[in-house]
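Colleague: Can you make the complete structure from the sequences, with help from the hints?
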Amino acid sequence: MDTESAHRLARETQDFREVIGVSALRLNLMRPDQVEQVLNAMGPGRTFGEIAVDKGYLTPDALRSLREIQGLLDAVELGAVLILNGRLTSRSLVDHLQAFLDGSEHPFGCVPGNPPLEAK
99 MDTESAHRLA RETQDFREVI GVSALRLNLM RPDQVEQVLN AMGPGRTFGE IAVDKGYLTP
159 DALRSLREIQ GLLDAVELGA VLILNGRLTS RSLVDHLQAF LDGSEHPFGC VPGNPPLEAK
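Under our numbering, the first residue of the sequence shown carries the number 99, and numbering increases by one thereafter.
Calculated from the structure, these hints are not laboratory results. Wrong hints could be hidden among the right ones.
Straight-line alpha carbon distances no greater than 20 Å define the calculated SDA-like cross-link-like pairs of lysine to any residue that follow [unchecked claim]: (1) 153 x 139; (2) 153 x 131; (3) 153 x 138; (4) 153 x 142; (5) 153 x 163; (6) 153 x 117; (7) 153 x 127; (8) 153 x 129; (9) 153 x 132; (10) 153 x 133; (11) 153 x 125; (12) 153 x 135; (13) 153 x 165; (14) 153 x 137; (15) 153 x 126; (16) 153 x 192; (17) 153 x 141; (18) 153 x 123; (19) 153 x 134; (20) 153 x 120.
From a predicted model like this one, the values you see are computed outputs, not experimental measurements.
Modeller: Okay, here's the thing in structure tokens:
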């Protein structure tokens, strides 16, 4: 995969990234009115998670878990895109996910907004 294609793929995959508030709702960690209050309180330099913790809607541990879940879901979605584009095998995806679970910052050697390394 050339660099331009990798950058394009990384940008496209950002469209499916689930935000913390959606995850908190889906997992019944926050109520819709709480999410709305946090969204209304957001401003430059403050994240949804920081405000939710400050307001007592999420514990720091719950926020940490949500971020880990978000990272794992992002990795699975990116892996699916790479498999569909013939850039990764299912077995390689499992290996990359294991590396992620073992403590790698991101299973494809990138962070959101940066291109994945060639994995196949």
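Colleague: All the hints need checking, so say for each whether the structure fits it.
Modeller: Status of each hint after checking the structure:
Only pairs whose Cα atoms come within 20 Å are accepted, and residue 153 paired with residue 139 is accepted, the gap being roughly 10 Å. The hinted pair formed by residue 153 and residue 131 meets the criterion: a straight-line CA distance of about 13 Å does not exceed 20 Å. Of the pairs offered as hints, the one joining residue 153 and residue 138 holds, with about 12 Å between alpha carbons and a cut-off of 20 Å not exceeded. With a CA separation close to 17 Å, the supplied pair residue 153 and residue 142 stays within the 20 Å bound.
Under the criterion of a C-alpha separation no larger than 20 Å, the hint pairing residue 153 with residue 163 is consistent with the structure, at around 18 Å. Distance hint between residue 153 and residue 117 is fulfilled; the C-alpha atoms sit about 18 Å from each other, no more than 20 Å. A threshold of 20 Å between alpha carbons decides the hint, and for residue 153 with residue 127 the separation of about 13 Å falls inside it, so the pair holds. Under the criterion of a C-alpha separation no larger than 20 Å, the hint pairing residue 153 with residue 129 is consistent with the structure, at around 13 Å.
With a CA separation close to 9 Å, the supplied pair residue 153 and residue 132 stays within the 20 Å bound. Distance hint between residue 153 and residue 133 is fulfilled; the C-alpha atoms sit about 11 Å from each other, no more than 20 Å. Taking the CA atoms of residue 153 and residue 125, the gap is about 18 Å. The hint holds against a cut of 20 Å. Taking the CA atoms of residue 153 and residue 135, the gap is near 9 Å; set against the 20 Å cutoff, the hint holds.
Restraint check for residue 153 and residue 165: satisfied, since their Cα atoms lie roughly 18 Å apart, inside the 20 Å limit. For a cut-off of 20 Å, the pair hint linking residue 153 to residue 137 stands: about 12 Å separates their Cα positions. Simply put, residue 153 and residue 126 have alpha-carbon atoms about 17 Å apart, close enough for the 20 Å limit, and the pair holds. For the proposed pair residue 153 and residue 192, the alpha carbon gap of about 38 Å is over 20 Å, so the pair is violated.
The hinted pair formed by residue 153 and residue 141 meets the criterion: a straight-line CA distance of about 15 Å does not exceed 20 Å. At most 20 Å may separate the alpha-carbon atoms for a hinted pair to count; residue 153 and residue 123 meet this at roughly 16 Å. Only pairs whose Cα atoms come within 20 Å are accepted, and residue 153 paired with residue 134 is accepted, the gap being roughly 12 Å. A threshold of 20 Å between alpha carbons decides the hint, and for residue 153 with residue 120 the separation of about 17 Å falls inside it, so the pair holds.
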